[in-house]
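Read off the chains here:
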Amino acid sequence: MRAHHQQSESASPANSSEQSPSTDQRIESFLDRLQIDTLHSNDGTISTEATREEMRSHLLMLIEAYIELGETEEQAISSALRQFGKESVIKRAHLRSSQPGDIQLEKRTWRLTLLGFAAAYIMTLTIIPMGIRVANDTGSDKLVMISNLGLFGLPVIVGLLTGMFSDRRSVRNSMKAAGLMMAPNILLDALRSQTLGPTMWQIGLATGTVVFVFWTLASMLGAAVGAGTRRLVKRVIAR
Amino acid sequence: MEPDRELLKGNTPTLVLAVLRDGPMHGYGIAREIERRSNNALKFKEGTLYPALHALERDGMISGVWRKEPGGRDRKIYNISDAGRSFLVERTSAWQSFTTAITSVIGGQDESTSSTVRERLAREFK
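Line by line, the protein sequences give chains A and B. For what it's worth, the working numbering labels the leading residue of the first sequence as 1, then goes sequentially. For what it's worth, the working numbering labels the leading residue of the second sequence as 1, then goes sequentially.
Possibly wrong hints are sitting among the right ones.
[Stated by the list, open to error] Cut-off 30 Å, straight-line C-alpha distance, at most; resulting in silico cross-link-like pairs (BS3-like, lysine-lysine):
hint	chain 1	residue 1	chain 2	residue 2
1	B	Lys-45	A	Lys-91
2	B	Lys-68	A	Lys-107
3	A	Lys-107	B	Lys-76
4	A	Lys-234	B	Lys-76
5	A	Lys-86	B	Lys-76
6	B	Lys-68	B	Lys-43
7	B	Lys-68	A	Lys-234
8	B	Lys-68	A	Lys-86
9	A	Lys-91	B	Lys-76
10	B	Lys-45	A	Lys-86
11	B	Lys-76	A	Lys-142
12	B	Lys-76	B	Lys-43
Simulated from the structure, these hints should not be mistaken for laboratory data. Computed from a prediction, not measured in an experiment: that's the story for all the values here.
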């Protein structure tokens, strides 16, 4: 903009009804050419009419500012449209923003990581008691060992998958997700142990904390190995 | 000197969030504020601001509400969300690390440092 014209919240732009037919016509024609309806995604979050009104309002404020700078209405419209950008430029920007950007990718990665660790946690809760029950019934220690391996192995596997399939922050995401899943478990372990005796909650708390630390570290290790593997594979493919 | 357009495009969401951190604003106000803060160095086609705003809104980084202005025109006013604030903190830190690294490589040190280094090298290679 050639001159700074800060718009205060209280300052009112010209109402569209106050604009001359020529202004209205040129703005509407420009907005028609933009084909806003074809640019929007179909998620329904922002309506075509709302975007049109927003852009119209912006253009009218620009025109008003140029008129204040001494331009004629026709000149002001041309200057405002030039400053707003060509249809092709705006269309390209819309297209770019409709692709999954950094923010979306990060959110998607985080959601998937959380989901993975939630699944691992549920599996752990299911596998271990089941293993112990079956082991008690059959008198075999193998199932207890296998279920314990599940407890130790699951965060590594989920971390590994996170590292291999997410572009960024896999170690940090894994640590956060594993920690989030296991933090309430410390309390649960303490409460569960308390039923066994009056001072048993301390043992439960300690066990829960050890499992929490282990889960978090195992998930980070898995993610680091996964991310390393991913980088290695990419390097090999690039060659 | 005008900044690289591609660099500007990639950082538009960060600039928008930085402006909204200091208070709610409409699209036109955001464009003016970016210009003002950058002393007119950051100029972009203002129509391209809306795709960025809508993408941020879709991602929950900002929220928009329609408000009737005294003149009777409805304007969409954007507010930054908590998620947007956290994201801005991350982006700011990433940007600062990036610029520090680039500056160190391309030689952003002051003249006195440069001359000290030059003198030391001259002594060593004498």
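Hints the structure fails to honour: Those not satisfied are hints 2, 4, 7, 11.
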